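Protein chains: 2
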Amino acid sequence: MEQKGFTVWFTGLSGAGKTTIADAIEPLLRERGITKLEKLDGDVVRTHLSKGLGFSKEDRDTNIRRIGWVAEVLTRNGVCVLASAISPYREIRDEVKAGVGNFVEVYVSCSIEELTRRDVKGLYEKAIKGEIKNFTGVSDPYEAPTNADVVVDSEKEDLAESVAKVMAKLEGLGYVPAAVRG
Amino acid sequence: MEQKGFTVWFTGLSGAGKTTIADAIEPLLRERGITKLEKLDGDVVRTHLSKGLGFSKEDRDTNIRRIGWVAEVLTRNGVCVLASAISPYREIRDEVKAGVGNFVEVYVSCSIEELTRRDVKGLYEKAIKGEIKNFTGVSDPYEAPTNADVVVDSEKEDLAESVAKVMAKLEGLGYVPAAVRG
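First to last, the sequence lines map onto chains L and V. Those letters in the first sequence? Residues 630 to 811, per the numbering used here, in order. Those letters in the second sequence? Residues 630 to 811, per the numbering used here, in order.
Isolated chain L, as found in the complex (with noise of 0.2 Å):
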């Protein structure tokens, strides 16, 4: 069977666990047989496509933009992209859908005070200080999905069970064959 191209597409705050949920399902969807797969991680592709630009509202959009135009290239010829990156503004988010139309969204919530209180890269509490101008959630604006595909709660579920509510509605929208159980 043919891989049929799509793009997962996880939006959150920073340290909300995006990347991580997005590691843990590649190997699944390739055990699975999808094996034309990337990964576009939002701060890998600004070095590649968006040096030089800054975190103002028309940067970000420019950014997420061209992260959409890579992964709906790639959708349309067949390839099953994991995009993660925080992707704040709705307008734009539904934007890259409609251009990609194999478009599956995944919310990726945790609330402040708990990223605040993980901060793995200490940017939370440089942000809280005003050290980091622009930060997402803290001092510039995150719009969460209204009707994302999925909802996951990186802070009330663990990553087993966030991993499997996304592998379950790519299953049910027929973008991956269902487990053989032998």
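Just so you know, these hints were derived from the structure itself, not from any lab.
Identical copies go unnamed one by one, so any copy, or any two together, can satisfy a pair.
Subject to a maximum C-alpha distance of 25 Å in a straight line, what follows is the list of computed DSS-like cross-link-like pairs (lysine-lysine):
(1) K668 / K798
(2) K680 / K755
(3) K750 / K785
(4) K686 / K762
(5) K686 / K755
(6) K686 / K750
(7) K668 / K726
(8) K680 / K668
(9) K633 / K668
(10) K726 / K798
(11) K794 / K726
(12) K794 / K633
(13) K680 / K726
Being a predicted model, the structure only gives us computed values, none of them experimental.
Take the given structure of chain L and dock chain V to it, following the hints.
Just chain V, lined up with the frame of chain L:
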């Protein structure tokens, strides 16, 4: 048979015929079963990935590196890429080649005299008058490939001849199955 990803990179001066040859090859490749196929045109990609970049050496290099990165991602996922971009600097083309791996460099050659005579978009006249700055071949350098996989000369060959040369090379390299004759 699963399609193998590869990139055909057309380099040459503006108006030499890079996009024309890529457009002519596309249906021939599709007929041979190369259905995962994406054309990346330097000018089109500029609007998606490099808006705001100019024509300084640095900005040109950045633009070519971005096209190269997208070609790399597509190629490693089994897609055939037909990329057309002036890509004037040998060093950057070689860098892209190293990143992509399955890379076929096609030099579309044409003399400045002939291009000035054709001048389809009126750009050479403006460049010669100094109305356009940094115009490759007139007021900006073009480093011709020294060991391209295919050299076509759009001044001396007709389109069919150039297309046949590229197709023969792609067959020879095993990227495209030979035509089946009835």
